[in-house]
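A.B. asks: Sequence:
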Amino acid sequence: MSLLVRVVMTIDHVLDTRGLFCPEPVMMLHGAVREATQGQLLQVLATDPSTQRDIAKFCQFLEHDLVSSEVVQSDGQEEFHFVIKIAAAT
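In this note's numbering, the protein residues as written are 1 to 90.
Calculated directly from the structure, the hints in this document are not laboratory data.
Check each hint, because a few of them may be wrong.
Said to hold, decoys possible - Pairs of lysine to any residue, SDA-like flavour, derived with a Cα cap of 20 Å: (1) K85 to H13; (2) K85 to L3; (3) K57 to R6; (4) K85 to V67; (5) K57 to V67; (6) K57 to Q73; (7) K57 to G76; (8) K85 to G19; (9) K57 to D75.
Claimed, not checked - Pair by pair, the computed Cβ-Cβ distance ranges are: (10) L62 to D16: 34 to 42 Å; (11) A89 to S2: 39 to 47 Å; (12) S2 to R34: 14 to 22 Å; (13) L4 to Q38: 26 to 34 Å; (14) C22 to S68: 20 to 28 Å; (15) L3 to Q38: 29 to 37 Å; (16) G39 to R6: 32 to 40 Å; (17) M28 to S2: 36 to 44 Å.
Note that CB positions come from ideal geometry on N, CA and C, so glycine has one too.
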């Protein structure tokens, strides 16, 4: 038996890093996190495959919650979409 559950999330901030390469997406993510507050959801859009590793490590190291990570096809190109729940400031 399969169960499909659809969750609706309200995104508070969007960081579009499409077209940028390492280390720029993570550097921009640091700035976006500083502007957000605890519990807010930040969506990151990227085209650099290394963001799959880098953003997961970023969240783990700084104790943010990586809510979702998915690969999406857009105009024949892979995009990487992430949703991060911001942790308390340290």
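A.B. asks: Would you mind marking each hint as holding or not holding in the structure?
C.D. replies: We went through each hint and held it up to the structure:
1. K85 to H13: holds, 11 Å
2. K85 to L3: violated, 25 Å
3. K57 to R6: violated, 26 Å
4. K85 to V67: It holds: about 6 Å lies between the C-alpha atoms, which stays within 20 Å.
5. K57 to V67: Between K57 and V67 the Cα gap is close to 13 Å, so the pair holds against 20 Å.
6. K57 to Q73: violated, 23 Å
7. K57 to G76: Answer violated: K57 to G76 is near 27 Å, above 20 Å.
8. K85 to G19: The hint is violated at about 24 Å.
9. K57 to D75: violated, 28 Å
10. L62 to D16: 34 to 42 Å: violated, 21 Å
11. A89 to S2: 39 to 47 Å: Distance hint for A89, S2 holds at roughly 40 Å.
12. S2 to R34: 14 to 22 Å: violated, 41 Å
13. L4 to Q38: 26 to 34 Å: Hint holds: Cβ distance 31 Å, inside 26 to 34 Å.
14. C22 to S68: 20 to 28 Å: holds, 21 Å
15. L3 to Q38: 29 to 37 Å: holds, 31 Å
16. G39 to R6: 32 to 40 Å: Given range 32 to 40 Å: violated, Cβ gap about 22 Å.
17. M28 to S2: 36 to 44 Å: holds, 38 Å
Consistency with the previously given hints fails for numbers 2, 3, 6, 7, 8, 9, 10, 12, 16, ordered from lowest to highest.
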